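Asks: Those sequence lines, one after another, are chains A and B. Numbers in the numbering used here are just positions in the first sequence, counted from 1, shifted up by 1237. Numbers in the numbering used here are just positions in the second sequence, counted from 1, shifted up by 22.
Calculated directly from the structure, the hints in this document are not laboratory data. Computed from a predicted structure; not experimentally measured. Take every hint as true, because none was put in to throw you off.
Computed beta-carbon distance windows for the label pairs:
no. : chain 1 : residue 1 : chain 2 : residue 2 : range
1   : A       : R1285     : B       : E96       : 54 to 60 Å
2   : B       : E96       : A       : N1462     : 27 to 33 Å
3   : B       : S101      : A       : V1274     : 51 to 57 Å
Which residues of chain A face chain B? A partial, calculated answer using Cβ under 7 Å:
no. : residue
4   : Q1466
5   : Y1494
6   : L1581
7   : I1584
8   : E1588
9   : L1602
Ideal Cβ placement from N, Cα and C applies to all residues, glycine included.
Chain residues, written in single-letter form:
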Amino acid sequence: MTKQTDVVAAPAPADVVAAVHKQLGERVTVDDGGALVVGPSNLIDVVRALRDDHGLDYLANLTAVDWLDRFEVVYHLCSSAGGAPIVLKTTTDRANPRVPSLFGIYPGADFQEREVYDMFGIRFAGHPNLKRILMWEGFAGWPLRKDWREAYFEQEHKPLTSRWPDGQFFFGEDKLTDWGSNTKLPPAYTGAEIGRPKPQEGQYVVDIDALRRGTSFGSDRLVVNMGPQHPSTHGVFQMRLVLDGETVVDLEPVMGYMHRNHEKIGERNLWLGNMPFTDRLDYIAQLGSEWGYALCVERMMGLEVPERAEYIRVIMAELNRIQSHFWSIGFLLNDLGAFFTPSLYAIEEREIVLDLFEMATGSRLMCNYMRFGGVAYDLPDAFMPLVNVLVNERMERAIDEIDAYLTNNEIVMERMKGVGVLTPELAIAYSTSGPVLRGSGVAYDVRRADPYGIYDRFDWNVVTANEGDVYARYAVRIGEMRESLKILRQALPQMPAGEILGGKKAWQVRVPAGEHYARVENPRGELGYYCVSDGKANPYRYHVRSPCFVNLTSLAEMCKGYKVADVVAILGSIDIVLGEVDR
Amino acid sequence: MSVTILSPDDILTPDQLADGKTGEMGFVTTTLAKGVNWARANSVWPALFGLACCAIEMMHSQMARNDMSRFGMELMRASPRQSDLIIVAGRLSRKMAPVIRRIYDQMPEPKWVISMGDCASCGGIFNNYALVQGVDEVIPVDVYVAGCPPRPEALMYGIMKLHEKIQAEGMDSWRDRKGGLGIQVGS
Ligand code: SF4
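Take the sequences, apply the hints, and build the full model.
Replies: Below, the structure written as structure tokens:
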């Protein structure tokens, strides 16, 4: 059922920019970096022209930069046929920041625009549900604005001095009687002035009362909260389901329960200091996350990566992909009700991969292995024999085993086939990526579409499946594990000896002023890093385009009309990692 | 018939049990508290509650290689009402803090808390406005496990320490700990 496709090459971004400039004339200008610049009033027209006339049907990334005198909203558009992204920018003033929403053109802009609103306070006119997404409603301030100061202890530079200069502090909520019986209240304090938080207007996408009126049987629509502490949500993630009986009428993902503002931390850190933080984004595919960041900064600095380091990176990233897919298949089955037995088998090989990581990097999970221009340590002697056994013997067997037990299993097929269907058009419009997009039959893999590293040297295929349901995503993952094995089998014998780190060894790198958006294919999809440098010691802007976060945009679309139990399976098939969703 | 009287400080050891098997039946006396704590310590059911990267290592401690079930913890309960221990594995954001407090309050007494990892213990590498700098600002913690993330072995060690702690407690000392109130139903 999976098929393997080759992706056709798309025109170079510079040609597209030139063609657009010719067509739209006055309305767009091209800046020094080759980005298209357009005023907010023309944005919709220009974007529509880009999508319809120039084939840029995929909104890869959307973010903003605070330049202190203005906000710049940055869009990275590309074609689902492949090719490097085109940069589109629009500016708005700081006093009343307002930009038209692209929701009508690319529904995938939904969460990304909400994130920009949450972090910068830029309003997107025409967005159907513009409210905070990562912080809670009522949070004061816009954290990623450069002039926003953290409530308790922000200082400009690391290391910070005393965290609590005035000694201890307490939380308001601890005083609430509602929050538990274990708190001692001061005499005569009732807590009445704080009270239980009231549900606010407009908290739901759907007007519940209107729904009630609309049902023919007069049965009540029910709003059910799943999560944030729920065994099937893969972490702290909440879904608000609107149910009619057991059928899902609408769904709204609520996230941010693990938000720590990775980007703000990143803008305070030194360039190299961000490397260990990237591990903690997608902590199941940690080395892929590191690679994306290293790639972005290397391209900005113009660094060459030595041959051996390139091979090591490919080996690490592909091992990572296999173990991550094992993990996700195991836990997908967990969600389907096969409690822990499939995961126990799936994770057997993962343990060995983690041993390998520990051998090479010193840590099982948080590897901190990539450096700008290479990797931190060479592979130890014991690495090669073990990885050869793993790749040539064990992995294949393990994949076959999973395949044999699950792929044609009647219960698995019953639960997964025809559930959570996403058509290819919608998958592209919602900017999904990774197995979700390829499970809908779109052969889009960043390793092919916008090649990086040395993936062009190996013989491998992009795996797709056409059905667009949970089963198709599962099948894509199985296929991808086999393709990764194929890459590993070619890369391991070819690996040359030599340098592992190009350039000068330095704690503090100088990154020339400029900006870049680099993306890699992580197991969960297109992971992008957008960095802006002003030539100083810290990144001026550091943004992570998280594949899980963007894939979640399509969750509501996939779940409508299915049952509650299917929602669990569909969420499992997107395979989110909350560390990356919330950042 | 010989009668062995053990000191109340001893708990049944495998040796003594073996004596019993050989026909040398004896009396064993101990305090009720020791018996109860022995039972409690060996069937601690943790709540299925993972926050971040540390939760991955927590799951690894459940899996075949490390197998937490060896210590009477084979069941991760998805409902706080059925669990005795909450392993806070990962960073706790301010948005999540009220939720975790509620989960903790929903657990029946006696209950214990392990704070797993640097983030849960002190904020770790994320020193900023969005995160609670240590879960002990929100719920009382019994054992802290250091590491980013702690290896499964480290978590296991923390759990053994917790067992020691449970066994050294009085039978109802948790009542003192909570000001003599325990759980108030309907508060
Ligand atoms: S202590 Fe480290 S591994 Fe654990 S949650 Fe925090 S960052 Fe992740």
